[in-house]
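There are 2 protein chains.
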Amino acid sequence: MAKKQEVSIPVIRRLPRYYRLINRLISDGAERVSSKELSERLGFTASQIRQDLNCFGGFGQQGYGYNLAALKEEIGKILGLDKKIKTIIVGAGNIGKAVGRRMDFYAEGFEIVGVFDAASEVVGKNVGGFSVKNAELMEETCLKEKVKAAIICVSDESAKKVVQTLIELGVCIFWNFTHYDIAIHNPDKNIAVENVHLNDSLMTLRYLSKDILN
Amino acid sequence: MAKKQEVSIPVIRRLPRYYRLINRLISDGAERVSSKELSERLGFTASQIRQDLNCFGGFGQQGYGYNLAALKEEIGKILGLDKKIKTIIVGAGNIGKAVGRRMDFYAEGFEIVGVFDAASEVVGKNVGGFSVKNAELMEETCLKEKVKAAIICVSDESAKKVVQTLIELGVCIFWNFTHYDIAIHNPDKNIAVENVHLNDSLMTLRYLSKDILN
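If you're matching them up, the sequences are chains F and P in order.
Counting in our numbering, the first sequence runs from 1 upward without gaps.
Counting in our numbering, the second sequence runs from 1 upward without gaps.
Please note: incorrect hints may appear among the correct ones.
As the list claims (entries may be wrong) - Straight-line distance between alpha carbons at most 27 Å, and here's what the computed BS3-like set of lysine-lysine pairs gives:
#: 1; chain 1: P; residue 1: K86; chain 2: F; residue 2: K36
#: 2; chain 1: F; residue 1: K144; chain 2: P; residue 2: K210
#: 3; chain 1: P; residue 1: K210; chain 2: F; residue 2: K161
#: 4; chain 1: F; residue 1: K210; chain 2: P; residue 2: K36
#: 5; chain 1: P; residue 1: K36; chain 2: F; residue 2: K189
#: 6; chain 1: F; residue 1: K83; chain 2: P; residue 2: K210
#: 7; chain 1: P; residue 1: K210; chain 2: P; residue 2: K84
#: 8; chain 1: F; residue 1: K161; chain 2: P; residue 2: K36
#: 9; chain 1: F; residue 1: K160; chain 2: P; residue 2: K146
#: 10; chain 1: F; residue 1: K210; chain 2: P; residue 2: K146
#: 11; chain 1: F; residue 1: K210; chain 2: P; residue 2: K210
It should be emphasised that the hints constitute simulated quantities derived from the structure, not laboratory data.
These figures come from a predicted structure and were not determined experimentally.
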């Protein structure tokens, strides 16, 4: 866990891919992996991989490869997966439902403690094992459970108000599926934001498609 | 549309954010925008913005700002939004449903011509105005409609087989919600892939949270 301050964002963004592959290799019964194999499976160069993993103190030995269990534990610690953050899902429409049902939050360091929606027709439905509660009950849960993270799956129009309320309630970590730019609109707040902008991803694909179709 | 070859991927990834903001400003009745205002609303520096927009030949005039309608049209053309690509959604589980219902594909240069799923209990359900069809009918639609793009919302386990089939049917553009790495496993194919890796995004957020919580 040392040397965190030296780790750049591009390295951090590659770590989940390492972590995912390492998990799969362990499930398949492997104990060690070479940087060559990591390279072939991930599409990074072997030298890139050695450089990335050396950022964290180096788990490998020339000619012997990396110990998978040690690598998994260390990357998990670097990512912070070993400590769980209390989290709510706000908005149980299509995206909220998809995310709530599909993701294994606990394995990724988040503990869901409630799912909320303002629409009465959604209240009571099951999302990932939680009965959706009325949004009016959000404040109570946030204060009681000391919720620190929220997954924002409301409409773009509702996002600003929801986020402001949550920040006042002590929430400081946002996984944001809306186009409301949480970080830019709250520059003085100590918050962490990760955006999932599906429209932007789709437009990027449209651009990349041009070369393929021509 | 000139100078495309000079446009780097980071610039391309910023373009959808410009496009989105420009659309909003036009809806609000604005006709021009300064790089200062773009900077404040997007969180990029004004000099970054001038540099980005100059990549495409420059739409601005010192002191007058940018003409929004011209900017929208030009960025739309650069992204390719004016020409629609025939597209299918494969997998109508939670992610497929959320994506199919929420996204305005047509506005982003894609024309959905069918939604498919292998599970009989999903067949016939409505996703974004389409009745989900049995996956066995996918081949027929791809050939008949000359489908070029597919949105892959199946399970990680099914992804490889689905993608191989689609490539054989002439599909070459993939919006990929699975962890199957389409590009790496098809290095010799002329394909475009954009991945939405929700797990990786969530793990990155978990990492970013560490500094906030300490």
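Hints, verified against the model:
{"no.": "1", "hint": "K86(P) to K36(F)", "verdict": "39 Å, violated"}
{"no.": "2", "hint": "K144(F) to K210(P)", "verdict": "22 Å, holds"}
{"no.": "3", "hint": "K210(P) to K161(F)", "verdict": "26 Å, holds"}
{"no.": "4", "hint": "K210(F) to K36(P)", "verdict": "31 Å, violated"}
{"no.": "5", "hint": "K36(P) to K189(F)", "verdict": "23 Å, holds"}
{"no.": "6", "hint": "K83(F) to K210(P)", "verdict": "10 Å, holds"}
{"no.": "7", "hint": "K210(P) to K84(P)", "verdict": "43 Å, violated"}
{"no.": "8", "hint": "K161(F) to K36(P)", "verdict": "26 Å, holds"}
{"no.": "9", "hint": "K160(F) to K146(P)", "verdict": "42 Å, violated"}
{"no.": "10", "hint": "K210(F) to K146(P)", "verdict": "16 Å, holds"}
{"no.": "11", "hint": "K210(F) to K210(P)", "verdict": "40 Å, violated"}
Checked against the numbered hints above, the structure violates hints 1, 4, 7, 9 and 11; every other hint is satisfied.
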